[in-house]
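Residue numbers (numbering that gives the first Met the number 0): 0 to 143.
FYI, nobody ran anything at the bench for these hints, they're computed from the structure.
Among these hints, one or two may not hold up.
Okay, derived cross-link-like pairs now, EDC-like style, lysine to aspartate or glutamate, Cα gap no bigger than 16 angstroms in a straight line [claimed, not checked]:
id: 1; residue 1: Lys132; residue 2: Asp61
id: 2; residue 1: Lys113; residue 2: Asp63
id: 3; residue 1: Lys132; residue 2: Glu108
id: 4; residue 1: Lys132; residue 2: Asp53
id: 5; residue 1: Lys113; residue 2: Glu85
id: 6; residue 1: Lys132; residue 2: Asp63
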Amino acid sequence: MSTIRFRSAIDAWLIAVLVAAAVPLAAGCFVPATLASALTSAVMLLLYAALLVDLLRGTYYDVDPARRELRVRSTVLVNLRINVGEITLVRPCRTWLSSPALSVSQRIEVCYGKRRSVVISPRHRAEFIAHLKAINPAIVVETN
């Protein structure tokens with residue numbers, strides 16, 4: 000069986016905030032004081048757009064049944080590999096703490112090992128949990 004990829008769920012308000020943050024940079028391109036400031040704003044806007052696209056496309060969770068592994072990836076910042084056999088608990092959470100999850104409303108905490116956990120937000124949460132449980136039926140799943 001091959002690796003199954005689950006993209007992160009994304010809250011609409013997060014997209015709105017990230018796009019709104021680009022408005023001052025965009026304005027600097029069209030209302031420049033000098034040519035140098037317009038070019039600087041344009042370069043900054045392109046860099047921001049590249050980072051934004053990387054964040055939105057580069058946050059995902061791979062379940063690999065053959066390796067019995069969960070890979071949590073978020074751009075270049077997070078590349079975590081978890082043995083699914085070590086996962087003990089999966090439960091919903093709404094923490095605002097930083098994590099490789101682009102949704103606050105659809106977050107789950109995956110507890111593994113000795114007091115370790117990661118908060119993620121797979122788009123198809125029930126299917127994601129079903130794949131983990133197929134590998135490790137001992138995982139306890141809490142619901143609200």
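To see whether the hints hold, each was checked on the structure:
1. In summary, the hint linking Lys132 to Asp61 is supported, as the alpha carbons are separated by about 14 angstroms, within the 16 angstroms threshold.
2. The suggested pairing of Lys113 with Asp63 is violated, with an alpha-carbon distance near 22 angstroms, which exceeds 16 angstroms.
3. A C-alpha spacing of about 15 angstroms is found between Lys132 and Glu108, which places the hinted pair at or below 16 angstroms, so the restraint holds.
4. Proximity of Lys132 to Asp53 is assessed by CA-CA distance (about 30 angstroms); at most 16 angstroms being required, the pair is judged violated.
5. For the hint linking Lys113 to Glu85, the alpha-carbon distance of about 9 angstroms falls within 16 angstroms, and the restraint holds.
6. Among the hinted pairs, Lys132 with Asp63 is consistent with the structure: their alpha-carbon atoms are about 12 angstroms apart, no more than 16 angstroms.
When the structure is compared with the earlier hints, violations turn up for hints 2 and 4 and for no others.
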